[in-house]
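Participant: Sequence:
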Amino acid sequence: MTLMAEGVTVRFGGILALDAVSIEVQPGQVASVVGSNGSGKSTLFNAIMGFAGLASGAIRLDGRAIHELPAHRRVQLGLCRTFQTPRIDPESTVFDAIRSGGIMSLKSGLFAACLATPRGRSEAAGIDHRTEKVLEELRLAHLALARMGELPVGTIRLIDVGRAVMGKPRFILLDEPAAGLSHAEQDALKAQIRRLASEGVGVLLVEHNFRFVSDVSDHLTVLDRGRVLGSGRPGEVSKRPEFVRSYLGSFAGKASAAASPRAADTAAKAPAVMPMPLMECRKVTARYGGIRVCFDIDLDVPQAGVVALLGANGAGKSSLLGAISGLVQSTGSITLDGQRIDGLPAHRRSECGICFVPEIRGNIFPAMSVAENLELAQRRLCAQALDRMKAELEQMFPRLSERRFSPACMLSGGEQQMLALAMALSLKPRILLLDEPTQGLAPAVYDTLEAVVRAIVGNGIGVVLAEQNAAFAARLANQVIIIADGRVSLRTGAEILGDRERLLRAYLGAEPQEAA
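The opening position of the sequence shown corresponds to residue 253 in the working numbering, with each subsequent residue numbered one higher.
Computed beta-carbon distance windows for the label pairs:
#1 711 / 753: 32 to 42 Å
#2 397 / 664: 54 to 64 Å
#3 303 / 404: 24 to 34 Å
#4 314 / 619: 48 to 58 Å
No farther apart than 16 Å at their CA atoms in a straight line, the calculated lysine to aspartate or glutamate pairs in the EDC-like style are these:
#5 680 / 603
#6 442 / 467
#7 680 / 644
No wet-lab data here; the hints were simulated from the structure. Just so it is clear, CB atoms sit at the ideal spot from N, CA and C, and this is done for glycine as well.
Kindly produce the complete structure, drawing on both the sequences and the hints.
Facilitator: Now the structure itself:
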């Protein structure tokens, strides 16, 4: 009785989403899959459940190939999954939402239950009893009669797990079930997962929260760009260089001494007392609808300084930048040069001097030429300011001048990043928010990018650098804030970037919060 994915390859057009991935889940085992965004975790779930076709490989249940069966037949054989975004009926009660998951387990059929035949009544009573039991196990009994539309998303995720459990699956696939859950809700979910495993149910878990994964998992598989990077027990895998690289960036696998001189040099140049902040954030909490993704974060950004936000993918770095820029719903206060801006929409914050450069060069228009992209960004400048800006950008980005008539989509990754920065600087920012600027770039480009950021800081602009590559951040940061599970795990100087062991603990949330 085993669920296996054997050499699974999935393609979406020319994109290789999974490349010969193999994974096995035994009854009563909790197996977890971790990896960066886009590594193929959810695609693996979709392949197992029948929502994504296989280019090659096989899905086997108890040795039987099931990859050609439709999704509903796989469910009938004992597979069940949850999704990252639960689908709910807002008018349904919590009791009914969880109870609905038991329909597939009716042996007499749905019509017999509706017609209240003796067997149907007996099975319906059994489902009611099981629903009450699941509510107790998930610590949701007090919400049994609450409407789903009135509940926070974290609670809805727990209910979604309960609904899946009601189907009495042999194997259950949980896709980021802990996202947005409070610590108490996470504890309830951990207990439910352990309970399922003790009853012989195999659990396959995808989750960004590594502490959560470590607490419940028997086996861990790391995916990177659609390939298996490594597997084993969580405590063993987390010590391997390839795992460390996937969390800390491409240079992290090298001796920490490689980063230490840069970090020490940066720390030495930083003032003993940080200058008065140009921007202050207090208790900023970002949310997507009802899902809270970062919690009560304080952040001070000085003029002509670099604050690095570090953390694994999914930690909340990009969401915090989105909250500061006004693109993500948030609470808390954000002050720029003494003036509150948290009540302003995104375009007004931009006019005040907050400029956001999203990851993967998301602020450029691929079909437009370099010159057209820059003209769009510079449209509000007067003639004199425009001439001055063009001269400054030509000096800072000489390669863009050479490629001015090339479509942005034809530029290299490094050139696109330079274009994204040039467009941002055209807005004359006071605070520049850089989201994963090294993502997708060759290491050879890092020196050029570092020089550009240093020039930006030299012009008096404050920079918030959200980055997964700790070694790159070590070159630039005056202050480091490490975020894990949406909360500040460590707040310190750049010297931490020479201490790889402590850095990894902070990434995984093992450091005391707000340590000095």
